[in-house]
Structures are given as structure tokens and as C-alpha cells.
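Novice: The lines below spell out each chain.
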Amino acid sequence: MVSFSAVAKRYPGGQEALRDVSFSLEAGELAFLTGRSGAGKSTILKLIPAIERPTSGSVIVNGQNVASLKRAAIPYLRRNIGLVFQDQKLLYDRSVYDNVVLPLAFSGHAPREAARRARAALDKVGLAGRENASPIQLSGGEQQRVAIARAVVNRPSILIADEPTANLDAESAARVLDIFVAFRQVGVTVLIATHDLALVERYAGRILKLEQGRIA
Amino acid sequence: MRAWARQHRQAFAAALRRFAGGGVLSALVIGVALALPAGGYALLDSLHGVTTRASLDPQISIFLNTGLKRAEAQALERPLRADRRLAKVRFVPREEALKELNAVQGLSDVTAALGQNPLPDAYVVTVQAGEIDLLVADLAKLPGVAHVQADTAWARRLAALASVGRLALWLLTCLLGFGLVAVTFNTIRLQILTQREEIEVSKLIGATDAFIRRPFYYLGFLQGVAGGAIAIVIVWVALALLNREVRVLAESFGSAFRLSFLPPGDALAVIGLAGLLGWLGAHLSVSKHLREMD
Chain A
1 MVSFSAVAKR
11 YPGGQEALRD
21 VSFSLEAGEL
31 AFLTGRSGAG
41 KSTILKLIPA
51 IERPTSGSVI
61 VNGQNVASLK
71 RAAIPYLRRN
81 IGLVFQDQKL
91 LYDRSVYDNV
101 VLPLAFSGHA
111 PREAARRARA
121 ALDKVGLAGR
131 ENASPIQLSG
141 GEQQRVAIAR
151 AVVNRPSILI
161 ADEPTANLDA
171 ESAARVLDIF
181 VAFRQVGVTV
191 LIATHDLALV
201 ERYAGRILKL
211 EQGRIA
Chain B
1 MRAWARQHRQ
11 AFAAALRRFA
21 GGGVLSALVI
31 GVALALPAGG
41 YALLDSLHGV
51 TTRASLDPQI
61 SIFLNTGLKR
71 AEAQALERPL
81 RADRRLAKVR
91 FVPREEALKE
101 LNAVQGLSDV
111 TAALGQNPLP
121 DAYVVTVQAG
131 EIDLLVADLA
141 KLPGVAHVQA
151 DTAWARRLAA
161 LASVGRLALW
171 LLTCLLGFGL
181 VAVTFNTIRL
191 QILTQREEIE
201 VSKLIGATDA
211 FIRRPFYYLG
221 FLQGVAGGAI
231 AIVIVWVALA
241 LLNREVRVLA
251 ESFGSAFRLS
261 FLPPGDALAV
271 IGLAGLLGWL
281 GAHLSVSKHL
291 REMD
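Heads up: the sequence lines are chains A and B, in that order.
Be aware that the first sequence starts at 1, since it is given in the numbering used here, and climbs by one per residue.
Be aware that the second sequence starts at 1, since it is given in the numbering used here, and climbs by one per residue.
One or more of the hints may lead you astray.
DSSO-like cross-link-like pairs, simulated, lysine-lysine; straight-line CA separation at most 27 Å [what the hints assert, rightly or not]: (1) Lys69/B x Lys141/B; (2) Lys70/A x Lys46/A; (3) Lys288/B x Lys70/A; (4) Lys89/A x Lys288/B; (5) Lys141/B x Lys88/B; (6) Lys46/A x Lys288/B; (7) Lys69/B x Lys88/B.
Here's a subset of chain B near chain A, in silico, CB distances under 7 Å, partners left out [as the list claims (entries may be wrong)]: (8) Ala113; (9) Ile205; (10) Thr208; (11) Phe211; (12) Leu273.
To list a few chain B residues with every Cβ distance to chain A over 12 Å, as calculated [to be verified]: (13) Phe63; (14) Arg94; (15) Gln116.
Rather than coming from a laboratory, the hints here were simulated on the basis of the structure.
Using N, Cα and C, we set each Cβ at its ideal position, and we do this for glycine too.
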């Protein structure tokens, strides 16, 4: 599903974020990426949907080498990867429903099919009935769940989340993680970056510990 | 295919919303700017009617010897028609010339007083190509020709004036066309800035460049088309107002001259061209500003 081999990433300016990182995730695997801030967690997550490109080494996602992917092919790669950001990146000038249905507009789904999928996604994250709310009216945990609904509405085979519980209280955090684990059970590969080790230990997931740009 | 059509429909709807929310003012600016060359074109077109009636192409009158027999006079038609430099050849018999002269107010008394027709047979030819002075010299050598007169001076002046006008109009059109592209470039830039967040998120979650660009292309095109239409309306109103005065002026000369409005085809061409330039402005803006966002 996802395979890193000998991946190094140096940002312009010389900062070395990753060196010689190798690991691979099978379909339906749940993995936590842990480590201090600055250890390179976000960089790994950005390499998978080609937000960043590796300086050397190869990143294989769904059989495609992301390092050599053409610019025009990137959107299609991303449609098969659900992304959940730490700051959610919701659009606050539109409703919860419009946020969730957004990725389906890119792929040209018929409105009725898109509506069905968006409602199903909102139902899965426990927000059925909140379609017309504005994201601003929701709590932090609920906003994060809207972001998850948007990430899974395209039925991706990989789900990636960067510190999805960072700004949440313990109860909301557990609820959000439960949702990710539920997706893993239907065959989705889930990779979550977090520094909350206590939370991680409650789930039977693989732990990839990053230290100074290497997997420890 | 249906998905493709749906995406275009959605992009068009999005462009319409954005247009309604601020594009109208830009369209007005474009309309006022385009009204100048479009109006100038309509004016020149009207004047062109006048100048063709007065024949803008240089004309040469060939007067034959008064003693010439009709058959001899008409025999000249063949060499004249064979001359490639001449476009039109018209034989004017002396009787017809007299009739024309009599038609001029006040002159019929004078000609009647003469008792006989003082006018010679003549040819009136229109020059198609070639040096007029040379042509005049050649024509004068033909047998039976008494006098060749080229009324070139005023024709040349008028033609020169018209071509200066046409050139000025072209320059104005180019300049304002450039202005249209710049106005669109800027509105699209502002639109991209206000939608920066949406564009960035969309790119992160799988929108293609084409998907992101599409509404902006439509917006540029819409703005151009609306601007073109506004220009046409401005020209129409301005000509209608001018014509009220022109009518009074023309009637005092015994003329039925009116400024004519742009023919429908030309009016559509103005709108289409404005749409095209709007699209171009959008293209330049989107290409530049979306690349900066990568």
C-alpha cells in the first residue's frame, strides 16, 4: 500500500528532515507515527500525497512511485488518499455538508450520488443531522470529525492524519481515534501522526517512532 | 462525458455567482472603454457610405473631340476595357451629359441660351491600380481624346484622411483591448486572492488544475461579453442622440444622411472579441497566480 525505501528529505535551506527512512504498510494496517515535534512526522505524511517530494529514495503509494509522479497525475493520487490535517482546513464560509461534498465535485459525481455519499460519511463520524450547520458552530472535536468525513467521502484506500487529536480533550480525542480504527476494520490503511503516547497505547496499532529524521 | 458537462455547468454557475458579486463593475469599465473604438468604427462606417457615394477611388474623365462621330467614340471603349489598370469604364454620351447639367439647379436656363449642346462625348473611368499621372498621359495619347482630367487631389486627400482615421481607430482598439485584458487580469487576481484558502484546500484533496481554473475562465469570458454588450448599448444610445442633431444638419443640406448603427454581425463580433480578450486576461492571471500557489 505504502512503502518508503531509503527516503531522505532535505528542505531548501539545508534543513534535513528525514534520512534513510524505510518502512511499509499493508492494506488495512493501522500505524501510529510518534516522536517529538520536528522529528519528521509531518514530512512523512506530506510525502505520501506528494505535497512534498523526497530528495532521494522512493515512496511507493498504491504501486506508484510518488517521487517521479507527473504534476498532472497528483490530483488523482490524492483522491485515493484521505487527508486529515491538524488545523482541519475546513472552509468556514460554507456548510458542513458543502465541506464534505467538496471532493466529490472534483471527480464529477452525480449530485444524487454525491449527496448519498456525503450523508453516509457524516453518519459514520456521528454528525448526521448537522449538514446545514456552519463549521464555526461546531466544537473542535466535531470539526475534526467533519474533516474526517471529507477525507473518507471519496472512499480512499489510505487515510492519513496529522495530529488529529492535538487540540481536543481526552473524550473527543478518543472518539476521533475510534473513528479511524473503524475505517481500518473495513480495509483502509490508516497512518496517524501523534505525540500522545498514552492514547496510542490503547489501540492495537503498529508504532513507528521517529527520532531526528530516522525510524528508531 | 456527463461528468465533464456537469463540471462545466458547475464552473459556469460558480462564475455567474462571482460575476454578480463584483464582476458587474469591471464589465462596466470594460464597456465604457470599448464604446470608444466601437463608436468610432460606427462613425467611420457611416462616413464610408458618404465617401463611396462620392467615389473614394480616383476617377478620371476622358473628354473626346467634339467633332468625333458616335461610332468612333464608342470604338474607344474596347481599348479602355482592355486596360487592366481601369476598374470601371462608363461611356457618357453628350446628350446625357447635357441632361445631367440641366438637372443642376439654375443651369438649364444657361444651356438653353446656348442653343446647341456644347458638351463632348466622354468616358468616366475608375482607376484600379497604377500611377495615376502615368495613366493620364497614356489615356491622352488615345485617338480622338481631347482632354483627360483626373480629379485625384481631393480623392487622395479624402482617402488619406479616411485611412488616418482607420489607423487611429486600430491603435485605439489595440490599446483598449490591452486595457480589457489588464482589467480582467486584475479582477481574476483579486478573485484568486479572496478564494485562496478554498483553492489551496481543493488542491490538497484532489482537485485538478483544470477544475480550479475553469470558473475563472468563465468569469473572464462573462465579464468580457458583458463589457462588449454594454459598449454596444452605449454606442447605440450615443448614435441615437447624435442622429437627432445630424438629421437637422443633413436636412439643411437637402440630404437624408444618418449615422448608421453597427450591422448586427459587427456588433456580435465586438461582443465576441471582448469575450475572447476577457478569456485571455483570465488565462494570463490564472496561469501566473496559481503557479505562485504551488
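Novice: Taking the closest pair, is the beta carbon of Arg94/B still more than 12 Å from chain A?
Specialist: 81 Å, holds
Novice: With 12 Å as the threshold, tell me whether Gln116/B passes as away from chain A on beta-carbon distances.
Specialist: Check passes; 90 Å lies beyond 12 Å.
Novice: Given the hint that Lys89/A pairs with Lys288/B, does the C-alpha gap stay at or below 27 Å?
Specialist: 24 Å, holds
Novice: Taking 27 Å as the top limit, are the C-alpha atoms of Lys69/B and Lys88/B close enough?
Specialist: 23 Å, holds
Novice: Taking only the CA atoms, is the gap from Lys70/A to Lys46/A under or equal to 27 Å?
Specialist: Roughly 16 Å separates the two Cα atoms, so the pair holds.
Novice: Against chain A, with CB atoms and a cut of 7 Å, does the hint on Thr208/B hold up?
Specialist: 4 Å, holds
Novice: Have a go at the Ala113/B hint: is there a Cβ in chain A nearer than 7 Å to its own Cβ?
Specialist: With a minimum Cβ separation of about 91 Å from chain A (threshold 7 Å), the hint on Ala113/B is violated.
Novice: Does Phe211/B pass the interface check with chain A, least Cβ-Cβ distance below 7 Å?
Specialist: 5 Å, holds
Novice: Can the restraint linking Lys141/B and Lys88/B be considered satisfied, given a maximum Cα separation of 27 Å?
Specialist: 19 Å, holds
Novice: Would the stated hint for Leu273/B survive a check requiring a Cβ distance to chain A of less than 7 Å?
Specialist: Violated, because the Cβ-Cβ distance from Leu273/B to chain A comes to roughly 31 Å (cut-off 7 Å).
Novice: A closest beta-carbon separation below 7 Å is what the hint needs, so does Ile205/B meet it against chain A?
Specialist: 5 Å, holds
Novice: Starting from Lys46/A, check that the Cα of Lys288/B is at most 27 Å away, please.
Specialist: Judged against 27 Å, a Cα distance of about 25 Å means the pair holds.
Hint check: violations occur at hints 8, 12; the rest are consistent with the structure.
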